[in-house]
Every structure is written in C-alpha cells, then in structure tokens.
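Single-letter residue listing:
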Amino acid sequence: MQNKRPITMAESINEAIQIAMKKDKSMLCYGLGTTDPKGIFGTTIGLEKKYGKDRVFDVPASENALTGVSVGLGINGIRSIVSHQRLDFFLLAMDQLVNSAAKWFFTYNKAIPITIRLIVGRGWGQGPTHAQNLHSWFAHIPGLKVVMPSNAYDAKGLLLSSIFDPNPVIFIENRWLHQSISNVPKKQYFINLGKSKKKLSGKKITIISSSYLTAEAINACKYLKKLNIDVDLIDLRTIAPLDWSNIKKSIKKTGSLLVLDSGHFSGSIASEIIYKATNECFEFLKKPPSKLCQPDIPEPSSFGLTKKFYITYKEIIGKVCKMLNCDKELIKAELNYKKEFLHDIPNSNFKGPF
Amino acid sequence: MQNKRPITMAESINEAIQIAMKKDKSMLCYGLGTTDPKGIFGTTIGLEKKYGKDRVFDVPASENALTGVSVGLGINGIRSIVSHQRLDFFLLAMDQLVNSAAKWFFTYNKAIPITIRLIVGRGWGQGPTHAQNLHSWFAHIPGLKVVMPSNAYDAKGLLLSSIFDPNPVIFIENRWLHQSISNVPKKQYFINLGKSKKKLSGKKITIISSSYLTAEAINACKYLKKLNIDVDLIDLRTIAPLDWSNIKKSIKKTGSLLVLDSGHFSGSIASEIIYKATNECFEFLKKPPSKLCQPDIPEPSSFGLTKKFYITYKEIIGKVCKMLNCDKELIKAELNYKKEFLHDIPNSNFKGPF
Amino acid sequence: MKINLSLKNKIKIWKIIYKIRRTEEIIALNYYKEKMRCPTHLSIGQEAVPATLSLFINRKDQAISGHRGHAHYLAKGGNLKKMLCEIHGKANGCSEGKGGSMHLKDDKVGFVGTTAIVGNSIPIGVGLGLSIKLKKKKNLAIIYLGDGAIEEGVFYESLNFAIIKKIPVLFICENNFYSVYSSLKVRQPKNRKIYKLSQGIGCKSDFTDGNDYAKIFKKIKKAVEYIKSGKGPFFLEFATYRHREHCGPNFDDNLNYRPKKLSYNWIKKKDPLTKIEKNIVNKYPKKIKYLESEKIKINNEISSAFKFAEISPYPKTNILKKIYAK
Amino acid sequence: MKINLSLKNKIKIWKIIYKIRRTEEIIALNYYKEKMRCPTHLSIGQEAVPATLSLFINRKDQAISGHRGHAHYLAKGGNLKKMLCEIHGKANGCSEGKGGSMHLKDDKVGFVGTTAIVGNSIPIGVGLGLSIKLKKKKNLAIIYLGDGAIEEGVFYESLNFAIIKKIPVLFICENNFYSVYSSLKVRQPKNRKIYKLSQGIGCKSDFTDGNDYAKIFKKIKKAVEYIKSGKGPFFLEFATYRHREHCGPNFDDNLNYRPKKLSYNWIKKKDPLTKIEKNIVNKYPKKIKYLESEKIKINNEISSAFKFAEISPYPKTNILKKIYAK
Ligand SMILES: Cc1ncc(C[n+]2csc(CCOP(=O)(O)OP(=O)(O)O)c2C)c(N)n1
Ligand SMILES: Cc1ncc(C[n+]2csc(CCOP(=O)(O)OP(=O)(O)O)c2C)c(N)n1
Ligand SMILES: [Mg+2]
Ligand SMILES: [Mg+2]
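Chains as they are written, first to last, in my numbering: chain A, 21 to 374; chain B, 21 to 374; chain C, 364 to 689; chain D, 364 to 689.
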C-alpha cells in the first residue's frame, strides 16, 4: 500500500534524481539551468550542493555538443541525465540524438545510458516554438525509449527506471504536470519501461492516453460515469516501447477505441496504435477507432487563439459520446455544471511568465 | 501525348532546376557539392557555368546555418533550392527547418519559398547513418510540404512545382532512382503538389506507394497480374499534403488496402493512411488494412545483413497474396522465374563507393 | 558617413531610449494584471545600443533579433501599438497574436522578426544580408544577439559563411554577462573576449561599453562604414546589463545570482538613460523644458497605445488555418 | 615526457606508416572485385600524424575519428583482421558488419569508434575526455577531425566546452585542404588559419607540416605535455594531403579540382612514407635489410588478414535484433 505523502511531480522528479545520484556515484546531472535558483521548475534544486560541482553543473547553450558529450560519457560507463527546459530547444541536437546516441549500441554493441529530460510547454502564450509535442519523432527512431509520465508517482518510478536503463531514454515532462500532486513513497521504486497502467476499468470503450492528457481523460471519465459510460482507461506511461498487449486485451473487451495524443494530428503515435488495433483486432472492432490529437497547427501565443486549441475533458467527452451515440442534451447539461478555469493555465496557482 | 525522350531522373532534376533558374532570375541553388565535378549525382552539373557563381555555389559543412540563410533569403523574396547528399546530414538542421522555415509563414504571414533536396542512400553498405528514411518526421510538421517522386517524369514536374511553391518543400530523392529512366518532355510542366497518381487500375486491392517503392510495386503488380490479381496502384507523389480523396475512392472500390512505406515501421506515414482508411471507410473494408515498412532497425552496412532488409517486389507479392489468400505454390513458381540481381544495387550499372 | 554626435542626434538617441524605457516600465507595471499572457523579456538597461544604432540605419536596412527584442523593435521604428497588441495577444498585434512578445516584426521599417530559440535568428539575418548583397543594394542587415547566443554552433557557422561571402551584416552582441541565471564563467572560457573570438573566426570586430552612447556612436560609425565599403561583416560587442529578471516584470537581484557590486555599478551608476539625459541637461540646460515636454508626449503615446491594446479584440481563430502560403 | 626521436622510434613510426600504406593499397587494389561493398575513404598520404602520435599514447588513451579512419584505427593498434572483415561486411568485423569502413572500433586498444557524419564524433570525444578527467586518470582523449569538420557548429561548441571544463583532449586536425572536391577557399575565410581560429575560441593550439614526422613529433610532444599537466585541451593542426579520391580506390586528379602543382608537391615530393624511409636509409644504411624484412612481414600479415576477411562468413541476421541494450 502506498502511504499518504502528497508531493508535486517536480518534487518526485527531484527525489528520483537524488536516489539515482546516491546509488550511482559516478552519474552526472547537467543541462542549462540545472544549478540555477529556480532549478528547472524545481526539479534540480539542491542537487549541486549535495552532489558537488563535478557531478551537477550548468552548461553553455550548446545543445548538440552536450548531447554528444553524454554519448562519450556513456561509452565510458558514466550515466548522465541531461535536462532541457523546452523540447523545442532540443531540435538543435537531432544529429547527436539520432545519428549517435540512438545508434551507438546497434553499431558498436556498447550501451549508452543517457536520460534526456524534455519539458513541453503549454499555455501562457508559449507560442509556436515553446510548446511542441514531438514525441512521435522520437518513437520513430530505433534504439530510443520514450517515456511520458502522467503524475508524480509514475514520474519517480519511471525516471528511476529511465536513468538505470542502459539505453538513451527520452523523458518527456509536460510543464502543467510539474505542480500536480500525488502520493509518492519516499523510498526508491522502479516502474518498468514498456508497461502501461490501467487507470480505470470499464466495458464500453477503451481510451488510451499519456502525460497530461491522462489527467484530462480521468476528468472526462468522471462525467462519462454519470452518463453510465464506463471506460477502460489506459495510461501508456511509455510510448516506445509500446505496451501493445495490454491495449489489445482492452480493445478485445470493449470493441471501441479512442486514442488521445498531444502531438500533431498527422503522423501521430495515435495512428500507430490505431493501425495495430485495426490490423490485429479487426473482428473485435464495433466501430472505427478514433483519435484526438492537437491540430496540424503550431501553437499560437494569444489567449484568444488558444481557447479551443487544446484537448480537454470536454472534447474527450464529446468524442466518446459521438462514438457511442449518446444523448447530446444530457451531455450538455452535465458539462455545464463544471466551473470554467482559464484555459491557458492548469490551475489558479500557475503563474507565468516563463 | 508525351514524346519519346528517355532520360534519367538525375537529368530530369537538372532540367527542372535549369528551367526554374531561367524563369526566376534571382533564384539560388546551393549546398555541399553543388558545383563539384560530380554535381550531386549529376543533378547540378553545368549549373554554375550557366547561371554564375552568385547564384550557384558550394558551401561549408554547416547545414543548420545554411538552412537559416535560405529562410532569410526567402523573407526577401529570393527562392532557393538547397541540396543535401544524404538526408541524414540534414538532421543537423532541424532547428532551422522546424522552428524557423516551417513556422515563419504561420507566425509572420511571410512566405518562405525554399526547396530542400534530400537524397536517401540505400545499399552498397551505406550503413546506419547514410540511409535513413525519415520522411514521416517532415510530414508531421505543419507548414512543410513533402514530395517523394518515383520516376524521372514526375521528378521534373514535381520539382518545378516545389520550387515555385511559396512554402518550404522537402523534396526527397531515393538514390536508386537517379539512374532510372523515363520519357520526359523537354519543355516545362508542373505536377500539382498534394495530388497522387494512379499507376494501375484494378479491383482486388489498393496499394499505396511512393518514391522507389513504386518501382518495386509496379514490378510486383506484373506478377500479380499473372495470378489474376489486378491492383489499384496509387503513387502518392507527395506525402504532405496527402491526397486522401483519391486513396479513399480506391479503398471504397477494392475494400482492401496495403500501404508501402520505406520509413521505419513504428510511427510511419503508412499508419496515418491506415488510420484514415479505418476511420472513414470502415464499412467498406473487407479485411484489415496492412502495411509494409522498413523494420525498426538502422540499416546495417554488410551485404550479408541487408539481404532481407529491404522491401522488394517479392515481399509485396507475398503480402498481397497473404491478404487475398492466394495459392502459395503458384506464387512460388511465378517468382522463381525472376533472375536474381544483387540486392544492394539497383542494377548492374550501379557502382559504389559513395 | 557624415553623421556627428550633435545635440540634435543626442536628443534623437535620448528620445528612443526614453520611449523604450517607459514602454517597458509600463509593461512591467501592468504585467500583474495577467492580461499580457506570454513570456516577456524586458530590455530595461539595454536601450542605448539600438537607440544609437538608429542614427546610422534606415528602414531599408533590415534587423532581426531574439527573445529580448522590444528595444530593437522600437529603436528600428517598430509600431508601438502593434507591439503592445501582440504582447496582449490581440488581433492588431504585429504577428496577429500568433507569436507574442518573442515574435515581433514590422515590415514597414525593416524589422524582419524575432525568434524564441537562442541563436536561431542569426543565420536568418545572414540570409537577409546575402539577399541585400545579391540585389546590389547599399543596405545592411543587423543581427542582434546576446552573449548566450554566441554559444550555439549556428552562430559560428553563420559568421563563417558571412565572412566568406562578404555579406553586409552588422552583428550586435549585447553582452549582459548572463544567460538566464548563468554567468559567463560557466559558459565561456575565462578571459576570452567575445569580440576577440569573432576576430579569430575571421571577422572584423570591436568592443565597447554598451551603456555609453558616445562610445557606441563611434564604434557603430566605424563598423557601418566598413560594411558599406563592401568588405563584409562586422561584429560589435557591447557590455551592458539588464536591470530586471531574465523573463518577467520583476527585479530579482534578491536571488543573488549576480554580484551585488556588479548590479549596483551597472544599474545605479551606469544607467544609459541617466547618462544621456544628464549630459544633455548639464551641457544644454535650456533643453530641459523641451525634454520634459517630450516626455509627456511619449508617455501619452505609450498610455494611449497601451489602452488601445487592452481594448483591442482577440484575433479570430480562422487565421490559424493559414498554415501554407498560397 | 622522456620520449626522443631515436632511431628506434623512427622505425616504430615507419612501421606504422608502412603498414597503413600497404593495407590501404591492398584495399584499393582489390576494391574493383566488388567484395568490399561500402563507402571507403582511404588514408594514403595522411599516415604520418597518427603514426607519430602512437609514440605518445597507450591503450588507455582513447581515440575517436570520422569517415577517414583507417589510419587512425591502425596506428592506435586496432586489429587489422577485424578492420578488413568490417570493410568486407563480415561477421568477424569490428562492428560485426553493421557499420562498414566508416565504423571502426577496437575497445582493446582504446579506439572507441568512428562516425560517418562530419563533425559528429567531436563532442563524443569531449565526453570521453570528461569521463577520463572525472575518473581522475592521467590519460587523454584524442579527436581526429578534418578541415571540413571544423565548419560544423558542433566543433565550436565542443571546443568551447572542453576549454571551460579543462578536459584532457587532444584535437588532431588533418587539414588536407579539401572537403570532398571543395577547396578551403569556398568554405573558410581567406588567410584564416584553423589553429588560429581555435586559439580565438580559447584553446591552446599549434600547427605544422603533417607529412614531416620530426616536426609532428615535436608538436605532439609539447601538446601532450600540456594536456597532461591538467591545463585542458590542445588543438593541433597538421597540413597534409590525400593522394587518392575522396571516397573510393582511385586517383582523381584528372578531374582538376586540385591544382596540379599542389598535388605534385604533396604527392611526389612530400610523401610521408618516402620521407621517413629515406631518412632512415640514408642515415642508417645498415638498417635497409631490416626494413626489407619488416616489409615482408607486414605484407604477409596484410595478405593473410585480407584472405581471412574474404573467406570469413557474413554475419547472422539475428544480430540485427539487438536494438536495445539489456
Ligand atoms: C536553443 C535554446 N536554448 C535555451 C533557451 C532558453 N533561453 C531563453 S533566453 C536564454 C538566454 C540567452 O542568453 P543571451 O543570449 O545572453 O540573451 P539575454 O537573455 O541575456 O538577453 C536562454 C538560455 C532557448 N530559448 N533556446
Ligand atoms: C554532416 C555531413 N555533411 C556532409 C557529409 C558528406 N561528407 C562526407 S566526408 C566529407 C568531407 C569532410 O571533409 P574533411 O573533414 O576535411 O575530411 P577529409 O575527407 O578531407 O578527410 C563530407 C562533406 C557528411 N558525411 N556529413
Ligand atoms: Mg545575456
Ligand atoms: Mg579535408
């Protein structure tokens, strides 16, 4: 049983790094802002002081080189965790990621233990180059693992597994989750990469989600419950490797599939899941599987332009009801109960400007 | 009617660039090797002499900066065509491609007319970082167009359209097609981006292909014909935008779908097409749509390791027959007629080492 | 070039500095209202360089900048209303609300844009310069960059290319010693000057105090002459300082990431606005009245622009459909 | 360091140069058979630098290189059979046939790998150096790179980082004036020396003739001493020349991309093998016999290794399943 110890995901990530730094005395933790007063949204605060300047350090704005450095360290058996405050910045490092890190083990039979933390921005006017969800890029590259935690508890166990995985792991954190709270054991624990998590059990429809969308999905399912729609909700946890066997089981049970994906619509990982579903569960499908993705549009900055931009519990409810042909009036009535928050912040405590 | 004028795709690309350079007197053509004696597999030969050093030039090995330069040129209305001898090298330029080129029009309402030629290596021991097919990455990014010609005729018309398109266009050339020959009119002609091409008309199954795989598909269809399987073969020509309406029509007719994709299996554009097919043509599908992709493995270098690595007409025939439940013995007999070529070169004229 | 640092020109510089300063202060003052919902990097303290540069360039010269672009935009003559609308995410914004504070442009005055990825705008600026050269115009491209941006490989690649092709680009590096909270110490070799580095790459370069309009004036004059003579790019490094936090409206020296003495020296003793205003007032006391009346005008312009932004409508979402140019 | 350029050491250098030269020539001779089915970049003409360096390093020093890596691999003591097997795509290859000529490694002698993307191995080498430093070892990391590789921004980023962290890295830049067919003229500023550039970035650096073992010896000695004293990286630029085409077994000066005089001078007059052999033979005529007998040994070793590679089996395809380390 999990004890009651509510902490934020930022804190649970910090704990995971600390446990790892203690377990592996040679492991490094670096990246722009790692040692600064804000400590990457609080996730790296205190590390430099505890583990020393040799192991925890700030770096120049040279994303590509510093990715390559972690490959060199890995060749010599030194693990590293490298943080980037936005996924978008990491586009500068695609050569080292794809041509070096992802392929070194294949080519040279030498494990490269790197964990690359990428934070995905959202809201508060982040705009076109501070909020990209490009996880499907990473999942397309053989040799990489891609982890997308949805809560503080998972983040700790998944990050520990990522750090001690002998492969390059892309660990994607949605910025809106850093302040989300769950009960997190103090001790170390590992959550297997490649295994999904059943969040809710139901019979009417399978919903697949990951990262922040799991929070919206859970919210949606509460309302759907009131409409007598019980959902089999699976949180992917890792999108590469994909836990296909659990998804398959669920689809066979419900015969209906909705995949949520924060990436752009075209070329999303959602489509890959739907391909698999169609290919392997064709006879079980009662209706065409569907997906909700972000549109094929860069994120605009304006508060006025982002109002309908994100997938929220409302869109999920709407989509499920459409798929299952529910009574529209009923849904509307249910939804109108819900208080309106500002759509570009996760809660009233959330403050810009960064 | 197309006149008989057989030339290679390398030549037809060269012609397209020349036509464009004449039409638009300010347009530039650059990239590593553009002016060298080999002229990027023959595609840029003679250009410097005809259009001058100001407009046609070699550059330092600085892929990211030179992509940004083309954005700056585009802002001032100067078109450019930038060539990269391998797609893999272009991974260095993802920041400028995704964060600048793809988003400039969205953000600033200013068209950026760049054509980026990426050559995809294959065979002759290219190995892990000289043969990557990452077109699905580009198709995932809003604002980019992605063109993948399958023959000399298409290449000319598509390249002209790409160059005069006001958007950044990724023009992907499979190296094995450069020496492929078709009848190509001397004059200029444009092939619309976003429109596919019906290569064969049939009723039993829809096959979707692009680039070099179209050649293999055509080959496969010849054999399938002998087995009384007539195929509706669609060459995508451009994968972004995708010509969904034509694909849809075909699926409704045949009820069966096989998508060929030279990219890695997971997160392929093939899955996106299959998602659309399932979502919009569910009731027409007689069987689950299927795809053939390259495996989720980097390309190995060894002749011995690549033997079964690529999708050839044989795999296509095998897959179609499996989907349509044909007689296996018959297929084997048919296939054994075919003379064996070395699998790591497109034909006996093809020579390494680069 | 025949430009002198006459009283008239000093006043021109002062006006721009003052306008930028006041605009930024008004933004800071109102940020708490949560109507400007985007990351916002203020230029307070760093106004002297773009203001002085404005004497040497016209709207046919093209400038590009990064995340901290307000001062560069305004000094180039960028439309104040459109900037404030953009920061407010409004339809009248210079990027129609799509980009926010980090995406400013004004085509009418040759301000081509700003980008939010460090170093990202540098090669684009070189491309602008190359097109100017190819079109055989006498203008130049201006690339604003910070001391952090020079750490990105693309800076090095871009500078190398600009030198080879003798591209008319003026690199303006505002070295404020910090990249977010990180001091130069953890990012660059000790005692290596950025302008010397640029020289090592092969570019003409120079350095001066970026809060001293007179020194800036001299250096820019020389650099612009050099570029206009067709010899290629010039790299100017200016030491300067931001007064407030990296991103956002507040002061943050309480966090102690910058030495107290350093901040005191730059903020209290070397403030560029104080410096130029004092010079004018001391040397030409008769001008005090004029300055005061100008201040009123400028403040009025700002407050009416600010109100305009506040009451402007949000953009229609159909503009989001424009993903491809036609 | 107590190493002198004694006769013994000259012979050591000569042996390595000779072995590399002959291996490459045998590869070139046999390439037409189409059994070595991968892009292959020969080192003929550029053997002197890695051969001389080998006197100063041992198997605990780690080297990394790029597409033209044969000489670096062999000079570091890399297994000849495994290299030839790799080029032949055989199971006994040093990358089990997965990488080909452009992917060589031999862990036993500290040859960590080569990569096929220009500039790509540079930051990896810096990472190697950083781990050596963190483990408080006295060794160094060696990064081989060409004059083309320094054009990639990642070179600049990596060098900057190595300097800041005082990482024990020896940068060995073999400047053969060309990147494929492109001369330095179209790629780098006129009259800018690469070692001066590195100095501008903040790195200790030096330059010499890379075909003259005696000069190389002196410079490397100094550089290695500097690095081992803990002061950080050192950048050495060596002028040298490739005799054959960029990629493949042939001569290609008929294409006229290199000035005839330049080629004549470097290939005919400054050949590094001829130079060192002449010196030994002239100064120590008694050694002629020894050299001849060594030549036979080396040639025998090469031809038996070559045969071994030719008859070795192809790898089993199940090795391709190893995408993730366990
Ligand atoms: C590629 C990239 N890495 C990191 C960031 C985060 N970031 C935003 S501004 C900034 C500081 C840049 O420092 P400098 O160039 O000196 O500009 P200043 O803020 O001091 O004006 C950083 C690191 C970014 N936007 N892009
Ligand atoms: C990023 C990248 N761009 C281009 C190439 C193509 N390429 C292969 S080798 C080479 C030449 C590099 O020149 P240099 O570093 O001087 O090495 P050299 O071949 O002269 O030994 C080039 C451009 C590549 N492999 N990677
Ligand atoms: Mg700064
Ligand atoms: Mg070279």
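If you are wondering where the hints come from, they were derived from the structure by calculation, not from laboratory data.
Fair warning: there could be bad hints in the mix.
Straight-line C-alpha distance at most 20 Å; calculated EDC-like pairs for lysine to aspartate or glutamate [as the list claims (entries may be wrong)]:
1. Lys-689(D) <-> Asp-316(B)
2. Lys-245(B) <-> Asp-347(B)
3. Lys-689(D) <-> Asp-263(A)
4. Lys-498(D) <-> Glu-68(A)
5. Lys-548(C) <-> Asp-74(A)
6. Lys-559(C) <-> Asp-569(D)
| task | Sort out which numbered hints this structure fails and list those numbers smallest first. | result | none
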